[in-house]
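Participant: The residues making up each chain are set out below.
Protein chains: 2
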Amino acid sequence: MDIQSYMVTVGKQARDASRLVAKADTATKNRALTLTAQAIERDVERLLAANALDLNAARAKKLDAPLIDRLTLTAKSIADMADGLRQIADLPDPIGAISELKVQPSGIKVGRMRVPLGVIAIIYESRPNVTADAAGLCLKAGNACILRGGSEALHSNQAIAACVHAGLKAAGLPETAVQIIETTDRAAVGELLRMNDYVDIVVPRGGKSLIERVMQESRIPMIKHLDGVCHVYIDDKADIDKAVRIADNAKTQRLGTCNTMETLLVARGIADRVLPRLAQIYRDKGIELRGDDATRKLVPGIKAATEEDWYTEYLAPILAVRVVDGIEQAMDHIARYGSQHTDAIVTEDATRASRFLREVDSSSVIVNASTRFADGYEYGLGAEIGISTDKLHARGPVGLEGLTSLKWVVYGEGQVRT
Amino acid sequence: MDIQSYMVTVGKQARDASRLVAKADTATKNRALTLTAQAIERDVERLLAANALDLNAARAKKLDAPLIDRLTLTAKSIADMADGLRQIADLPDPIGAISELKVQPSGIKVGRMRVPLGVIAIIYESRPNVTADAAGLCLKAGNACILRGGSEALHSNQAIAACVHAGLKAAGLPETAVQIIETTDRAAVGELLRMNDYVDIVVPRGGKSLIERVMQESRIPMIKHLDGVCHVYIDDKADIDKAVRIADNAKTQRLGTCNTMETLLVARGIADRVLPRLAQIYRDKGIELRGDDATRKLVPGIKAATEEDWYTEYLAPILAVRVVDGIEQAMDHIARYGSQHTDAIVTEDATRASRFLREVDSSSVIVNASTRFADGYEYGLGAEIGISTDKLHARGPVGLEGLTSLKWVVYGEGQVRT
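Heads up: the protein sequence lines correspond to chains X and D, in order. Just so you know, this note's numbering puts 42 at position 54 of the first sequence, and the rest follows in order with no gaps. Just so you know, this note's numbering puts 211 at position 223 of the second sequence, and the rest follows in order with no gaps.
Worth flagging that the hints you see were computed from the coordinates, not collected in a lab. Mixed in with the good hints, there may be bad ones.
No copy labels: a pair is met if it fits in one copy or bridges any two.
[Said to hold, decoys possible] Okay, derived cross-link-like pairs now, SDA-like style, lysine to any residue, Cα gap no bigger than 25 Å in a straight line:
(1) Lys157 <-> Glu316
(2) Lys97 <-> Pro82
(3) Lys50 <-> Leu198
(4) Lys90 <-> Thr392
(5) Lys230 <-> Thr339
(6) Lys90 <-> Ser342
Start from the sequences and build out the full structure, keeping to the hints where you can.
Facilitator: Listed below in structure tokens is the structure:
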């Protein structure tokens, strides 16, 4: 197979399909989503059989247990995929809305229309359900997409794509609106990242090594998420019960997610009342603490945190803890060591809450709630293609709107410029 | 001079200054803008003297006349610079506004706050007035900026920067919020484009070769404008007087701007009534026409347009003309040859106007008005840092809002995720 000419064909087909999807009406797009959901429900056995091929190969290759876990489809996860598509069908269609229409001094009326981005490439790892989710979101936002899943999931992804194609076809939309890359050759990704004529945006979803590779190679703008070094700062004006509940939840509710707290900052004035209580909770839940000197005085027996700990996204039962003088030092710490993902303050002081919200430069800034809320569903987006730590375009959880853009529309009555 | 360490110093200073500018209140930022305007008015003689140094060097190097024209400051252009800064001071401050605040099922309130981008690098060519404009816009939007003007304008830019620094200092803001690169070594640009730790966004402003160099080298997201291959399509349902007026203005009001029409598309059913009239106007104004066969039958004696003409941004008294069957073929032509910048339709048919607005994938889409309106001032933005032909973030004319971003803000009362 000539990878380059294969990828150019995929790119051209996507570009052509994108023009048809962009002008499809809401009912047609929703019909494609609903019919895809039905195809998935009808094809449960076929999907499980395809997934079994991938799972057998993965076990034969002795891939690790978490990866096999992510790769596994079940009757339940297949039903969830179909439900997810129906939920996307239920979301309002963002495309075509015109906002901010105003008459200008020249007499022209100027506004902005929400439009699709065009062609979106999504590069992801082992979870096959991303194939259905991503295809559904791109379609609803009027985009064509090119999906490159993990090589270990190819059979599963092909089986899911067959359901998507059935849905598209039955709704009268081109099957090429959703294409999966049919080769596991890694050179295909390199080609994809250079096709800026055919691809408008790349969304890499996966571990840091994947994201870094895409950042190195891509000539195409990205919606990406790099690090989640998230902080909770417990202010000396905090309600202690709230502080304990939030710091507990932010670390322990799930360890491996990007919005999990990795460093806890505690104001000196309240440290002796919250840190011993929290240390007990963390000890009971098997979380290793690494602290600065002041923390280690209050919580004896824990390891000293090194400079490197402050930069680290553990994604593991480890938490760095530092006692700070107050909000100023907390914000300095976050600016220096954080990853601009999600940071929270616990305080009853409204002025400090406002300062934290305004001055901490992260994609989500939270007062008196857990960092774990930084999520498209919790934010009411109805869906999520990923979380962005970039500042351009979409920041934080990216839903349908993040897969669209605004263009200017002008209505005149023969005006010319003088 | 060690360019790399110099640039790292500039970058770090910008990052530190950006945190202070981000939290400056509106009155402080406006005071800096007004005081800079006053400093510019007070320093007219000094600015003209610095500019004379640049002009003498440019003439000695026999740089071409248009460049020397762009380089020249006059008492009038200096007064305009000061007025521009006062206009920026009069614009509403976009920073800090919270929108879309909604209670979610968990009880948290989620909204979005408009925030600065951080550090903006602007790379531009010979016009020294960009130094004041760009500094003013970046400052008003709460950003620090690093300005790299043309080497031929260094003395002028330094003199303008001295006024900006006086304004910043008198308002209590760090002078490092606006830095110009003090070396003309081109390696400095290469360093700048790799400083993704210190620079959040790059805005290249200039000719195509500058933009292409920045695209090749930059590891930082950009707001950029590449080509302006703009079209006017005259539909067979057009009002002929409007069509003639618009097609005349779009080409001839200014030849060298990115929103100037480069290709005229005319529906077959109306071509014999508009093309001869337009050809007469263009002939009188010295515009060379290049047409397809159908055009050449109606306008004898003009050159045949080649495939390459359809792709060309002339920025010159040349216009490509094609007769098309109707709106469908016009939109196909625009999709194939256009640059997604600005395209207009002239028609009295509301359905066709809507289709054109929705389906033409350009940053500005216009009904019954000249393409020349695609401009930040004409659109009511109050100012313009540039025009973007990218799809992410800002499309089309970019004003203050394009120098900002939205972050998520969450208000809780102790909520945790379950």
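Participant: Please go over all the hints and tell whether each is borne out by the structure.
Facilitator: Hints, verified against the model:
1. Proximity of Lys157 and Glu316 under a CA criterion of 25 Å is satisfied inter-copy only: 24 Å between copies versus 58 Å inside one chain copy.
2. Taking the shortest alpha-carbon separations for Lys97 and Pro82, both the intra-copy value of 22 Å and the inter-copy value of 22 Å come in at or below 25 Å.
3. Proximity of Lys50 and Leu198 under a CA criterion of 25 Å is satisfied intra-copy only: 21 Å inside one chain copy versus 51 Å between copies.
4. Taking identical chains as interchangeable, the C-alpha atoms of Lys90 and Thr392 lie at most 25 Å apart whether they share a chain (22 Å) or sit on different chains (21 Å).
5. Taking CA atoms no more than 25 Å apart as the test, Lys230 paired with Thr339 passes inside one copy only; the shortest distance there is 18 Å, against 57 Å between copies.
6. Taking the shortest Cα distances, Lys90 and Ser342 sit within 25 Å of each other only across copies (18 Å), while inside one copy they are farther apart (33 Å).
Checked against the numbered hints given earlier, the structure satisfies every one of them.
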